[in-house]
Structures are given as C-alpha cells and as structure tokens.
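Asker: Listed below, chain by chain, are the residues.
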Amino acid sequence: KQEVTQIPAALSVPEGENLVLNCSFTDSAIYNLQWFRQDPGKGLTSLLLIQSSQREQTSGRLNASLDKSSGRSTLYIAASQPGDSATYLCAVREGAQKLVFGQGTRLTINP
Amino acid sequence: SAVISQKPSRDICQRGTSLTIQCQVDSQVTMMFWYRQQPGQSLTLIATANQGSEATYESGFVIDKFPISRPNLTFSTLTVSNMSPEDSSIYLCSAREGAYNSPLHFGNGTRLTVT
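Line by line, the protein sequences are chains A and B.
Throughout the first sequence, residue numbering follows the working numbering, covering 1 to 111 in sequence.
Throughout the second sequence, residue numbering follows the working numbering, covering 1 to 115 in sequence.
If you are wondering where the hints come from, they were derived from the structure by calculation, not from laboratory data.
Among these hints, one or two may not hold up.
Think about it this way: if two alpha-carbon atoms lie no more than 25 Å apart in a straight line, the pair counts; the simulated PhoX-like pairs of lysine-lysine are [what the hints assert, rightly or not]:
hint: 1; chain 1: A; residue 1: K68; chain 2: A; residue 2: K1
hint: 2; chain 1: A; residue 1: K42; chain 2: A; residue 2: K68
hint: 3; chain 1: B; residue 1: K7; chain 2: A; residue 2: K42
hint: 4; chain 1: B; residue 1: K65; chain 2: A; residue 2: K98
hint: 5; chain 1: A; residue 1: K98; chain 2: A; residue 2: K1
hint: 6; chain 1: A; residue 1: K68; chain 2: B; residue 2: K65
hint: 7; chain 1: A; residue 1: K42; chain 2: A; residue 2: K98
hint: 8; chain 1: B; residue 1: K7; chain 2: B; residue 2: K65
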C-alpha cells in the first residue's frame, strides 16, 4: 500500500529565505507526482506536476524535483514571501486514477 | 485550466439528514472525482464519478452512504446520506481535463459540520 510522508509537518521561516519541503513515498511505481497548495478553509491549487520520466519542473519561484528510484520529491521555494504561507501537499498518482496524498507541510513566512 | 465551482461552500446539518453537494466545471472534462478531508487529515478519494454510469467507489466508501451522479461531462453531485458527526469534513470535487497524465484540479470544497 502506497504511503506518502511529508517532512516537516510545520515550518516557520523569515521572509526572503529559500526553503525546501520534502515528500517521500514507499512505492516507486508511480505515474506522476503533483504538488498542491491549500489555503485555510479553501480547496487545493495545483502548483507543479512531474511525470515519472521527469526529474524536475519549474514555475516561477518554485522548483520541484523527483527521484523516483529513491521515492523522494522536494519542493524548493526561492525568496519566500508572506503570501507563500499555506499548507503544501504532495500527491502521487498510482494506478488508473487514484492520487495518494501526504499529510502536508504547514508553512508560515514571517514578515 | 478548468475552473471548478462547488456549492454549498459550507453547511451545518443535523444528524440523520442528507446533503447534496454540486460540482460544476467550466469545460468538459474526462474525469471527475470526489475526495474527503477529515479534520487535521489529508485527502482521501471517495469515488470516481463516471459519466452516464455508476460511480467507482474506493475501499471503505459505499454507494448507499455517498451516492454520486454525473449526468454530463461538466457536472457531478455527491450526496452525504444519513449524516453523523463523523461525516464532518471538507468534501472536494476534482477534475482532470485531458490526457491520462494531465494534472488534477480541485474546487474550493464544501465544509460540512454535522451536529
């Protein structure tokens, strides 16, 4: 059974810092991995999607990497801003349709 | 990317009643899904909403408790039946627009509290 773990569960950093969020998964037989952002009381916003054949994807200040063989992904956020404060979720897609989510990292950027 | 609208955005319901949540997508999508996020937990897939046929439920979820409709390629409903306080969660609709490996997009969710 696929299990997705995100470390740390919570992170608080001052504005302007670069930071890394970690995601690990137990079964490397995945189709892709997707990073999401969730603001309090809201739905999920898709940030980046990495296919199983890819190593990384970039969007603006965000960069996500994937090492399928070791079951790891990282989300790098450059020059963090208070507006980046949210919960970040990673999810791996296995089988036909199912996404398996991690518990998320609650990120706080302090002005 | 597809814009997904859910309503209601929140509701407080009494135990034993049922609530139907609507999900509308602004474009035709190939796949629609319903997820549940219990307090302090991550998301769990309830079912895949199949257009014109019965939904496909994940282990632990049954049609009698969570009947789902999908009459066309842009709309789906999820009903939470005979509710109990344990059903208090955020329910999220999601959709995949195109190819098999395209990203999944979510609505803003419905926050349900059962008293």
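Asker: Against this structure, judge whether each hint is valid.
Answerer: Outcome of the hint check:
1. A:K68 to A:K1: holds (16 Å)
2. A:K42 to A:K68: Since the Cα atoms of K42 of chain A and K68 of chain A sit roughly 30 Å apart, the hinted pair is violated (cutoff 25 Å).
3. B:K7 to A:K42: This hinted pair holds, its Cα atoms lying about 13 Å apart.
4. B:K65 to A:K98: holds (20 Å)
5. A:K98 to A:K1: holds (12 Å)
6. A:K68 to B:K65: violated (37 Å)
7. A:K42 to A:K98: This hinted pair holds, its Cα atoms lying about 21 Å apart.
8. B:K7 to B:K65: holds (19 Å)
This entry does not satisfy hints 2, 6, going by the numbered hints stated previously.
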